[in-house]
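S.K.: Work the whole structure out from these sequences, hints included.
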Amino acid sequence: MQQASTQSALIKRKTSAIYRVLGDRIFLAVVLLLALSLIALTLGLGYFLYLGGSQTINKEGFFGFLTGTTWDPALRLEFGIWPYVVGTLITSLAALVLSVPVALAAAIFTAEYAPRWLAGIINYLVDLMAAVPSVVYGIWGIFVLAPFLREAFYLPVFLWASENAPWLVRYLGNPAGYGLFTGIVVLSSMIIPFTAALSRDAISLVPVAQREGAYALGATRWEVMQMVILPYARGGIFAGAMLALGRALGETMAIAMVIGNGNILPYTLFGPASTMPAVIALELKEAVEDLHYSAIIGVGFFLFLIAFIVNATASYLLNKLKVSEQRF
Amino acid sequence: MSEFTPAANPQTGHTEIITPDPNAKTRIEARRVTVWYGQKAGVRDVDMPIYANKVTALIGPSGCGKTTFLRALNRMHDLTPHARVTGEVLLDGVNVYDPGVDPVEVRRKIGMVFQKPNPFPTLSIYGNVVAGLRLVGIRKKSLLDEAVERALTQAALWDEVKDRLHAPSMSLSGGQQQRLCIARALAVEPEVLLMDEPTSALDPISTQSIEDLLTELKKHVTIVIVTHNMQQAGRVSDYTGFFLNGDLVEFGPTNPLFTTPKDKRTEAYITGRFG
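These protein sequences, in sequence, are chains A and B.
Numbering-wise, the first sequence is residues 98 to 425 according to my numbering.
Numbering-wise, the second sequence is residues 0 to 274 according to my numbering.
If you are wondering where the hints come from, they were derived from the structure by calculation, not from laboratory data.
Just so you know, even glycine gets a beta-carbon here, dropped at the ideal spot from N, CA and C.
Do not rely on the hints blindly, as some may be mistaken.
No more than 20 Å apart at the CA atoms, straight line, and that leaves these computed lysine to aspartate or glutamate pairs for DMTMM-like [what the hints assert, rightly or not]: (1) B:115 / A:175; (2) B:261 / B:77; (3) B:24 / B:215; (4) B:108 / B:87; (5) B:108 / A:320; (6) B:108 / A:309; (7) B:140 / B:162; (8) A:156 / A:175; (9) B:108 / B:77.
Here are some, though not all, of the chain B residues that point toward chain A, as calculated from beta-carbon distances under 10 Å [to be verified]: (10) 36; (11) 78; (12) 82; (13) 103; (14) 104; (15) 106; (16) 111; (17) 117; (18) 118; (19) 123; (20) 133; (21) 138; (22) 169; (23) 186; (24) 187; (25) 212.
Partial selection, computed: residues in chain B whose CB lies under 7 Å from chain A [claimed, not checked]: (26) 17; (27) 33; (28) 107; (29) 115; (30) 119; (31) 120; (32) 125; (33) 126.
M.R.: Structure representation (structure tokens):
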């Protein structure tokens with residue numbers, strides 16, 4: 098009897114009816130709205146960038162604007178963004194190539210070899226590197242790295258080349274210190290932490306069972322690394338490299354401070370170059386002509402497009418590389 | 000893990016009852032093997048022979064130290080920080096813990112199969128089987144092909160996968176994955192195969208196929224199998240060691256140990272009074 102009455106009391110207990118009936122729907126509606134707003138935001142961003150840049154893009158033609166090599170906002174009002182596109186791609190990809198081995202080495206060392214206290218210090222410093230504002234890297238580039246590279250590397254190479262291989266000089270460019278290569282070095286040191294942090298996590302997440310499986314076959318430490326750990330972690334390592342590439346493509350301040358900002362195709366190693374974010378940041382305030390203004394927004398549109406393509410490719414490849422222990 | 004300090008347990012030294020077999024050839028001999036985790040011992044002072052071309056089962060309740068002892072045999076504890084092994088493990092008369100012995104060599108001679116199937120997911124079926132051979136520098140395709148067929152046949156997997164050797168290893172079922180791991184361990188032709196509860200993650204049919212396999216395999220290789228399933232130990236093993244709280248309580252031929260155990264604790268465990 099006692100039990101029966103308790104049960105009926107539980108069943109009859111009043112609940113806040115509106116919450117019970119509408120709660121799920123309201124929650125779903127809110128979540129859906131917020132999720133859809135992200136799509137709207139992205140599409141809207143691309144659309145309005147195109148709209149803003151359309152005046153110049155229409156004048157030069159879509160591909161004319163993209164592949165034109167003259168950027169002359171002062172006299173002829175001709176706008177081709179190819180030098181900036183090439184500058185952006187070269188600096189970002191070269192920075193990626195320079196940074197990935199360092200980042201991967203740091204990740205392997207801290208995740209597998211270093212004693213815990215040392216790994217802690219290195220990991221902390223790597224995370225700190227990601228938190229340093231890019232303008233600080235820019236200052237370091239201007240006052241420390243560029244003069245150092247000029248004295249230690251550019252000048253000796255330039256002087257050697259002018260005596261022994263004069264044909265090389267035109268590809269070396271002005272060894273002033275502020276140019277393409279300095280930009281690449283600054284950029285690569287900025288993006289190391291992204292690859293390093295994600296690779297480190299991916300390596301530590303490789304299951305113990307996988308490592309032991311390899312050790313039990315008579316693998317040495319290095320063999321376990323290359324046979325099991327790196328293949329298993331490749332998805333995370335790739336994701337880290339792509340995050341770093343995305344960061345490099347969009348980096349503005351530090352690169353604008355050290356790259357020399359030449360508006361020609363960067364065919365010299367030491368000479369000035371420029372990138373798409375740098376030209377936007379530097380010229381936006383000086384633009385007086387409508388056409389110039391529109392051209393700068395057009396650069397933004399194409400930068401958006403490049404980022405979109407890079408990200409789409411990366412997530413496609415990431416899906417291919419992902420290692421799953423589930424059956425498929 | 001069983002965790003106790005020597006002070007907490009007054010039973011030290013050789014408390015176990017060992018029934019040796021004078022007719023069998025000893026492949027491994029454990030002498031006073033103790034595995035330390037920091038200040039605590041996982042197994043203590045274990046003496047045990049492991050006979051060639053026989054199946055030796057290690058049984059006991061969870062945390063009794065059977066897996067800990069198994070991993071001491073191929074120096075897997077080297078990989079665990081703060082773990083330390085004292086005593087001797089003689090493989091054909093050579094102490095594997097001798098400073099002059101390379102643990103990599105030990106693990107090539109003493110293979111291991113784990114509780115959960117752990118094929119390398121980035122490698123194909125073929126790639127998994129030859130992984131150990133590639134480590135020792137065998138590159139010739141005809142040799143590798145031959146080894147793959149032999150190992151997969153020994154592991155009773157050949158017929159099921161011979162038409163898709165280059166398919167991803169993760170496309171196999173759990174039981175097939177475990178047999179693939181057995182093939183991977185057999186491919187390097189080890190002298191001893193250690194199996195750590197190899198069927199605990201598998202369904203009854205896969206379990207049956209692996210148990211059937213052991214009888215065939217022991218012709219080529221000495222097998223030590225850890226199991227928490229007493230029926231399994233009874234079905235597959237020739238010798239059994241019973242562990243409790245880090246001690247080897249009793250060791251001997253499987254049948255007498257199960258029917259007329261000498262130690263009260265063994266009897267209590269086997270008749271199901273605990274564990």
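S.K.: Min Cβ distance, residue 186 of chain B to chain A: is it shorter than 10 Å?
M.R.: holds (9 Å)
S.K.: Hey, does the residue 36 of chain B contact hint survive, CB to chain A under 10 Å?
M.R.: This interface hint is violated because 16 Å lies over the 10 Å limit.
S.K.: Double-check residue 117 of chain B for me: the hint is only fine if its C-beta lies closer than 10 Å to a C-beta in chain A.
M.R.: With a closest approach of 4 Å, the residue 117 of chain B hint holds.
S.K.: Verify the interface restraint on residue 103 of chain B: the C-beta must sit less than 10 Å from at least one C-beta of chain A.
M.R.: This interface hint holds because 5 Å falls under the 10 Å limit.
S.K.: Measuring from the C-beta of residue 120 of chain B to each C-beta in chain A, is the shortest one below 7 Å?
M.R.: holds (5 Å)
S.K.: If you draw a straight line from the CA of residue 261 of chain B to the CA of residue 77 of chain B, is it 20 Å or shorter?
M.R.: Outside the cut-off at roughly 35 Å; violated.
S.K.: Is the Cα-Cα distance between residue 156 of chain A and residue 175 of chain A 20 Å or less?
M.R.: holds (9 Å)
S.K.: Would you settle whether the hint for residue 138 of chain B is holds or violated, based on the nearest Cβ-Cβ distance to chain A being less than 10 Å?
M.R.: Because about 15 Å separates residue 138 of chain B from the closest Cβ in chain A, which is outside the 10 Å limit, the hint is violated.
S.K.: With the threshold set at 20 Å, check whether the alpha-carbon distance from residue 108 of chain B to residue 320 of chain A stays at or below it.
M.R.: holds (17 Å)
S.K.: Just to be careful, I want the Cα atoms of residue 108 of chain B and residue 87 of chain B compared with a cutoff of 20 Å; is the pair within it?
M.R.: holds (17 Å)
S.K.: Regarding the hint that residue 17 of chain B lies at the interface with chain A, is the smallest CB-CB distance below 7 Å?
M.R.: The hint is violated - residue 17 of chain B has no Cβ within 7 Å of chain A, the shortest such distance being about 28 Å.
S.K.: If you draw a straight line from the CA of residue 140 of chain B to the CA of residue 162 of chain B, is it 20 Å or shorter?
M.R.: Answer holds: residue 140 of chain B to residue 162 of chain B is near 17 Å, not above 20 Å.
In the structure shown, a violation is registered for the earlier hints numbered 1, 2, 10, 12, 19, 21, 25, 26, 27, 32 and 33, in ascending order.
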